[in-house]
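Asks: Chain residues, written in single-letter form:
There are 2 protein chains.
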Amino acid sequence: MAKKTAVIDLGSNSIRMIVFEKTSRYGFYTTCEYKRKVRLGENAYNNGKILQEEAMQRAQKALRFFKQCIFRHKCKKTLIIGTSALRDAPNSKEFIKRIKNELNLNIRCIDGKNESYLGGFAALNLLSSFKNATTLDIGGGSSELCLIKDNKIIDCISLDIGTVRLKELFYDKGKTNELDEFLKPILEQIPENFCNDNLIAIGGSLRAISNSIIQKNSYPLKNLHDFRYKLEDEKEYILKILNAQTDSLADFDIKKDRFDTIKEGALIFLKIAEKIKTKQIITSGVGIREGIFLQDLLRPAQHFPQNFNPSLKSLQDRFLYKDRKLKTPDFVSKLFNVLEVLHKLPSHYKNTLINAAKLCHIGEHLNFYSANEHSANFILGGLNYGFSHREKILIANIIRLDGKKINPYNAFKALLPPVEILAWLNFILALAKILSINEENITFAFANNTLYLYNEDKELDLPIDELRKISKPTTIALAINQKP
Amino acid sequence: MAKKTAVIDLGSNSIRMIVFEKTSRYGFYTTCEYKRKVRLGENAYNNGKILQEEAMQRAQKALRFFKQCIFRHKCKKTLIIGTSALRDAPNSKEFIKRIKNELNLNIRCIDGKNESYLGGFAALNLLSSFKNATTLDIGGGSSELCLIKDNKIIDCISLDIGTVRLKELFYDKGKTNELDEFLKPILEQIPENFCNDNLIAIGGSLRAISNSIIQKNSYPLKNLHDFRYKLEDEKEYILKILNAQTDSLADFDIKKDRFDTIKEGALIFLKIAEKIKTKQIITSGVGIREGIFLQDLLRPAQHFPQNFNPSLKSLQDRFLYKDRKLKTPDFVSKLFNVLEVLHKLPSHYKNTLINAAKLCHIGEHLNFYSANEHSANFILGGLNYGFSHREKILIANIIRLDGKKINPYNAFKALLPPVEILAWLNFILALAKILSINEENITFAFANNTLYLYNEDKELDLPIDELRKISKPTTIALAINQKP
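Quick mapping for you: the protein sequence lines, in order, are chains A and B.
Offset between the first sequence (1-based) and the numbering used here: plus 707.
Offset between the second sequence (1-based) and the numbering used here: plus 707.
For reference, chain A alone in the conformation it holds in the complex:
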């Protein structure tokens, strides 16, 4: 597969392009994203769904701009898909031909089921574990739902309700009183088995609502992807957005370019969430574009290798020396096991430690001094996919600690485990990090409250001063080059 791939989707509301860069077979990250609010579907819903000439010209201009970007970014592959506005339009073939002739770009029009599948596929592969959920992607022309059970995509549907469509047919005409009647039969198309405790929120409108909640609650991590909230806690607030005057939407931290469709989005959201009896909302920063990219990337298996995380791998690819394999992950694992009698931590913390060990050196690529701080910042800013916010914050936090005493003040305290647990993870990682600077084979043993570190075949050369500095979770002696 090409190193850089551009994916463009033409929605009713905006045209967006993402450039993905592969850093290894399955490791990748987003190099850039451009959006042009073209509103391809403008005035189509009142005109037999025919794409209007002005809208097509705007779309063509945007695509010309994207083509230049693709050229400048040296993308080796370009995938362009058209969704609702295009598939509804009687003159879509004409438009697709025109773009082919004028810009030599190939647009593939996909049906609603496929669109739904792609959103579900992206969420399934790039969110942290959820097992069961129904995704909801609210677009300008349509809304897609995808049912996921036991980590498998079970069913996909597409509904003919979208923000631009509702805006033009009802809000712009002051006919909002007719909305309920219009929505009722459409909502009834949702099968009973789509009911789900978890709703995965995809698309700009739902992201804007999640962002608004993050701001209101002063939630400490400013990441949308994988942000979760209980609908019960926020329903009243979302209703306030729905009923707000347009000019007061800024008070809800809604961005200006979202003012004209956020109410429509909130309405569709609440109606569908109620219909499928949702309890928890899981925000997804990924959707149809990531789905398209992943389908291509994951050929033929259509899933990542087991225990593989594309963000973690891509951070390693970008920021670690490829030829310098340190034993830190191996050492944290062994230390966790040998000290289990003492710390008694659940085994998932071992995975946390292993992931932290894999990433604790990435900040050195910026600066060796305070590298622990840089590594932690890189993780908060760049470990995007497949980790819950709590996991991500915990990994960043123990790397930042770097064996130092735990400061009781921490902006992320509410999302972190108790200090006793942090103290153990901090100790194990810091110890493993120092041990791995110079040694590759260490035997660990624990007896009589003493941790023994030795190698049967040689004397370990370890910096005693630095080992002594590590803050300990409890009284525990270190015996170096001694067997129990």
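By construction, these hints were calculated from the structure, which means they are not laboratory data.
Do not take every clue at face value.
Just so you know, same-sequence chains aren't split out, so a pair can sit in one copy or run between any two.
Claimed, not checked - Think about it this way: if two alpha-carbon atoms lie no more than 16 Å apart in a straight line, the pair counts; the simulated EDC-like pairs of lysine to aspartate or glutamate are: (1) LYS963 with GLU1173; (2) LYS768 with ASP1172; (3) LYS744 with GLU761; (4) LYS962 with ASP1172; (5) LYS784 with ASP1003; (6) LYS1034 with GLU1146; (7) LYS768 with GLU1146; (8) LYS711 with ASP1003; (9) LYS986 with GLU939.
Note that the coordinates shown come from a computational prediction; the quantities given were computed from them, not determined experimentally.
Using the hints provided, position chain B relative to the given structure of chain A.
Replies: Frame of chain A; chain B shown alone:
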């Protein structure tokens, strides 16, 4: 020159190794640093300066460890130098031979003048501009002073006073009352022309004192290199360190491994600072090791090309796409010029803008989303050499703003220019950044309070929505694709 170079220096107190990595002809950064507190000079000062067997064994063990690191880091070149303890010792040749035989490492013993020159050379090339200064590098066995006038090294001297030497000869023996008498003739060796308003502080003891002051004053930037303070303001505090009980040194944020020599360091510092009538202290994070590396790197000219900054270049090398040259630096420069009638800013702000434009995209290598935040953090963490703290913070700050409104609360406020100036720099950079996404040739003109942007040969394709969002420093209209 080799891509990775290891530089080791054997001091009386510790042996340190830095690995430098070149990212282009003159761009470089520090890949790692290791320190072992070997105390090679231990007990030598009471034994005819003869290196003691135990100390030599410790040094050999440390060098074996460093050799393994050199191997693991795949360094192509290794430069090892011995300073005071080695050059004073009658048995140094024996030790050097032993290391050659046992480890196949070549130690070059350098004289005091050369040691002084190397510290001065590093400071001259890697600190922000100072023109005139005297460097002071306090080591374990000796202290070096280097006189710099009009950015040229004029004279170098080395004095036989160092922290370990004073400790063993006076402090350990409770003979501190004899110190003044001992120091007097040595201080008189400092020539009159070494007197200087600026003292550049090199070496671990002086860095520890600067760090202590940074903590005490809650100085917002936790960078030692290029941290400056007025001696008058801090003299009393340094005297407190000098007179503190050893076990209360932690209250001064002095690290444990520095407890045993910090008083000696503070004493030498104050005596010499007084002797050369210093007013301002400029902390240097670089010294003899960087000097050795730079002598090799800068052959044959022995200076960087004009207007070249090795840190800035290395950040570009590491984090920007090499094949994607954006016009942002060119556009900020043109915008600054064309708007000069309005903003009336001193021309040094144009350089700030150009540097910010060169670095504003580096954070995209971590994550395209919030890339401005990442770029700003990269600059605070990685733009080490040649920039004053104020310049560095200003560059990071306008990149972080990214065209948004200026938040009056800012941790760095005391080190930033007034909001009116920030508002202009913010506007110009954000505008240039958006313009450069898609355009390479733009003509700028200003008339009737309107900024005209056009290209004689084609229509500019610019995202109007995004341009409108940029926060403006004053009422000013944008006319796109129009000539005045």
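Asks: Output the numbers, in ascending order, of every earlier hint that fails for this structure.
Replies: Per hint list: zero violations.
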